[in-house]
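Engineer: Please build the complex by placing chains B and C on the supplied structure of chain A, with the hints as guidance.
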Amino acid sequence: MRDGTRLGFILLLTPLVLWLTLLIFIPHVDMFLVSLRERVGVGQYDTSLANYHTFLTEPLYLWTFLRTAVMSVVATVITLLIAFPVSYYIAKIAKGRLQSTLFLMCLIPFYVSELVRTFGWMILLRETGIVSNLLQWAGLADQPVEMLYNDAAIMIGLVYTSMLFMVVPLVTTLESLDDAVIEAGYDLGGNAWSVTREIVIPHAAPGIVSGSIVVFMLSLGNYLTPTMLGGKDSLWFTELIYSQFIVRFNWELGAAFGFMLLFLSSIIVWGMLKLTGQTLEKTMG
Amino acid sequence: MTLDATPDLTCTDLTKRFGDVRAVDNVSFTVPAGSFFSILGPSGCGKTTIMRMIAGFLEPTSGDISIKGRSVLNVPPNKRPVNMVFQHLALFPMMNIAENIGYGLRRRGMGKSEITTKVGDALERIGLPDIGTRKVDELSGGQKQRVAIARCMVLEPDVLLLDEPLGALDLKLREHMKVELKALQAAFDTTFVYITHDQSEALVMSDQIAVMNQGVFEQVGTARDLYYRPDTAFVAGFVGEANRWRGAITRIQSGEIEMQTPEGLTLRGTMTGTAPAIGQQADMFLRPEAINLAADTDGLGGAQNVLSGVVTSLLFNGAASRIIVREAQTGADIEVTLPQSGAFASLSKGDGVHLGWQAAQANCFAAGEA
Amino acid sequence: MIPSIPQSRSLRALYGAYIALFFLYLALPLSVVAGFAFNDSQFPSLPWEGFTWDWFFGDTRPKIGVFHERPILRAIGTSAFIALMVSILSVAVGLSNAFLFNRYDFRGKGVLYVLMLLPLVIPGIVLGISILVFSSTVANAAWDAAQIDIEALRPGLVLVILGQFSFITTIATLVISARLQKFDRTLEEAALNLGAGRLTAVRTITLPYLMPAVIGAVVVAFLMSFENFNTTLMLVGSDAPLTVAMFDRLKEGSTPLLNAVSLLLMLGSSLLALAMIAFQRKK
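Residue numbers (the UniProt record's numbering), protein chains in the order written: chain A, 1 to 285; chain B, 1 to 370; chain C, 1 to 283.
The shape of chain A in the complex, shown without the other chains:
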């Protein structure tokens, strides 16, 4: 490299390296180190796996952890199933103005804070809420119905909150599928089912994977939706982290929880990428 470009290279490299080391890499290493500390006296610590031992032996922690993982997977699958036909419609069936309007209508709600969206669901679902009133008015219920504070409410909120992150990658990949390829599938004797299975879905695979990864991550790391729609007993793993850090001030255990969450999400993302033969660069970049 010439001197000029070498200087430029270093100038461009520095912010990237500073950002990744100081805000991503070292904090996570430090968090890991803290999670290995065991408080043995005032201001005295030993290195041990005690926090992880606590995590594994306390059924509530483990149960919450697994529950969060399973619910997040379910939320991802539901989001995918709901979003796929919609994305297909936007990408392949709607044309011109309708297409851009529909796409924009998908985007706009998500420029609004998640808090507002969740608040909306609270107004709809609570005992004095719209749905309850509607059911009574229609004669389907004879007293107010509480629809908040259960797993279904959490699921509705998670799916709603993540929808955009599934729709956008799906629309983008499906749009790049040439109509002629679908026509060729029919021309050679395919029908809606076989064309979808053998042509549309394989083509959309990168979009499906990247959408699923993001939705899964957002669900797993979500705090607001489970807390507000699931109520006190919602048992979401992020709530445990929050309470260890902020309420109980037990950072050591909280850091171990944080690390477990990170571990779980990395494993699932990695597994999803391996399973579909995709790479992080391709699906995210």
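Hints may contain errors.
Sample of chain C residues facing chain A (criterion: CB under 10 Å; computed from the structure) [said to hold, decoys possible]:
hint	residue
1	G16
2	I19
3	P47
4	G50
5	T60
6	I64
7	A80
8	L84
9	G110
10	V121
11	I125
12	L127
13	S166
14	F247
15	M266
16	L272
Some, not all, of what chain C presents toward chain A, calculated at C-beta under 7 Å [to be verified]:
hint	residue
17	P29
18	L30
19	V33
20	F99
21	L100
22	M224
23	S262
24	L264
25	G268
Keep in mind the hints are simulated off the structure, nothing from the lab.
Cβ atoms here follow ideal geometry from the backbone N, Cα and C, with glycine treated the same way.
Structural biologist: Chains B and C in isolation, oriented as in the chain A frame:
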């Protein structure tokens, strides 16, 4: 080639309107079994619309399409006995070559081993026996072309539709594929319907060509018919190269007319169709190779048209070399093909030449909007 | 499937109905939030007690409107300040990253690119606590070593900004890279050929070309920062940004005041988003 009585494809009064636009206007034609039929026309003439109606991707506004004598109007595209080679081929990038070719067979529920055999045969036939496990984007343009055809041919369709499949290839490969397509058609003995805007593709490969313009067929015939005996001014101008003049008719005599251009040239040609009255406008088309070139007027024999002028450009192009001659009286430019004999090989810019041709070689049409 | 493939009328109608239902689902929560901002009642729920502007402009208890509610106004100000800082920082670094990955080939580039993407797949709350833990480690070390209390490293504005910056930068990088990749390098070469220096060529040719993406990245970064909750919650100090302030109120029970704030948020962010889209269309 077997020509049985029922044609493979018949279109009757086929019409397609998009809003007020008649993309295809009352077109009828038949394609005999085993022949190579081309639809030639400029872009936007409606040829793609016809092809998509035959394939089933567009519904005709009116008219009928029948294949082997049976109407297919109510048959969805995946059930029609026609297959299509798409403009950009539309090979499935998510499958390898063998899976691409076997796709239609799998749809028919054929057994795995039988599919493998058939796909192997097809690959053999297109001369690419070892590419089955390759990916689509690992093939060259010409190989993709052949795979796209094989993918259709394993299904043994009654009619194969080809939508300008050579458009994406470079010139050299295109020349090669023309010959190869014709050979493949003979080898598979299947009816090909080919659409293109490239006249040389149509002229080289086809048994029959339909020239299409603004939604209607201007003329259907063999390559020779279109070239030497165009029915309309559009065909004369679109197929092959031609010098073109417009002028007022000054004399009509048993099919031959004499006309005068605004610049003052007097020209004689043969009228196609009924001649308009004297004083009306006519268009004359004259092929550059129909013009005789001579150093002096004696060399032109008794040509009915004789002009003289000066060479202004030499357009060297091997066997198809031409010169542009500026006519002495009026300054009009005329393109003339240099004779193959090499007699004028030493001709250079500024040389004076004489031009001559018979009235029978210049086709005239009543001036229309074409 | 696609319009060119014939399909039965009932199937098409069914599909259309599904799409309509989907958009109803999208619109429902936001419309009820907006609607109840005008309910003349203490609670954002039925029955409808009549239309009022009080939740925006009211100045007497119990109906104090947004524009007279100091804590909320202050929280909006805090959020806007954080969002501004985060968008400036992350777009600056994002721009630098985009050029680095687009223009240089070096050993470890692939690895670095994957590392750059990682913040997207780290849960926000984990990003928050890791920065919290590290900053307090540093602050404690500074105290132990020299009795200096570094206020900036305690939960508060600086940490919130750093926490949000840590993942929004990835998004800014991706947005800008996407456009830089489409840039025709020969344009820059033409500028060099016409006598521009290397930096001048970038300034006069490449940066104007990147402008729509840069503006887009600023808007996206601003909105993401404004509505961020998870990372912020772990790092917040005494002056809470809007989302955290609203969350605290919501836990105590909601009044239509929150609907009014939400409606303003919706209007603000959709206007910003639409303006950005319009700007990019024009380009």
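Engineer: Indicate, hint by hint, whether the structure satisfies it.
Structural biologist: The hints, checked one at a time:
1. Given hint, C:G16 at the interface with chain A, holds; its Cβ is 9 Å from that chain's nearest Cβ, closer than 10 Å.
2. Contact between C:I19 and chain A, as hinted, is supported at the beta carbon level, the nearest pair being about 5 Å apart and thus within 10 Å.
3. With a cut of 10 Å, the hint placing C:P47 at the interface with chain A holds, because the nearest CB-to-CB distance is about 8 Å.
4. Because the smallest distance between the Cβ of C:G50 and any Cβ of chain A comes to about 17 Å, over 10 Å, the interface hint for this residue is violated.
5. Annotation: interface hint on C:T60 violated; nearest CB of chain A at approximately 25 Å, more than 10 Å.
6. At about 19 Å, the closest approach between the beta carbon of C:I64 and any beta carbon in chain A exceeds 10 Å, and the interface hint on this residue is violated.
7. Contact between C:A80 and chain A, as hinted, is not supported at the beta carbon level, the nearest pair being about 13 Å apart and thus beyond 10 Å.
8. Of the supplied interface hints, the one on C:L84 is violated, with its beta-carbon coming no nearer than about 17 Å to a beta-carbon of chain A, more than 10 Å.
9. Taking 10 Å as the C-beta cut-off, the interface hint given for C:G110 holds, the closest approach to chain A being about 8 Å.
10. Proximity of C:V121 to chain A holds as hinted, the smallest CB-CB distance being about 5 Å (cut-off 10 Å).
11. The beta carbon of C:I125 is positioned within 10 Å of a beta carbon in chain A (closest approach about 5 Å), and the interface hint is therefore held.
12. Restraint check, C:L127 versus chain A: the minimum CB separation of about 8 Å is within 10 Å; hint holds.
13. Because the beta carbon of C:S166 sits about 4 Å from the nearest beta carbon in chain A, less than 10 Å, this interface hint is met.
14. The closest approach between the C-beta of C:F247 and any C-beta of chain A is roughly 6 Å, which is under the 10 Å cut-off, so the hint is satisfied.
15. Hint status for C:M266: holds, given a least beta-carbon distance of 5 Å to chain A, under 10 Å.
16. Contact between C:L272 and chain A, as hinted, is supported at the beta carbon level, the nearest pair being about 7 Å apart and thus within 10 Å.
17. Of the supplied interface hints, the one on C:P29 holds, with its beta-carbon coming within about 3 Å of a beta-carbon of chain A, less than 7 Å.
18. Hint on C:L30 holds. Least Cβ distance to chain A is approximately 6 Å, under the 7 Å limit.
19. Interface hint status for C:V33: upheld, as the beta-carbon distance to the closest one in chain A is roughly 4 Å, under 7 Å.
20. Interface restraint check: C:F99 against chain A, minimum CB-CB distance 6 Å, threshold 7 Å, status holds.
21. This hint holds: C:L100 has a C-beta 4 Å from the nearest C-beta of chain A, less than the 7 Å allowed.
22. For C:M224, the shortest C-beta to C-beta distance to chain A is roughly 9 Å, which exceeds 7 Å, and the interface hint is violated.
23. The closest approach between the C-beta of C:S262 and any C-beta of chain A is roughly 4 Å, which is under the 7 Å cut-off, so the hint is satisfied.
24. The beta carbon of C:L264 is not positioned within 7 Å of any beta carbon in chain A (closest approach about 10 Å), and the interface hint is therefore violated.
25. For C:G268, the suggested interface contact is broken, since its CB lies about 9 Å from the closest CB of chain A, more than 7 Å.
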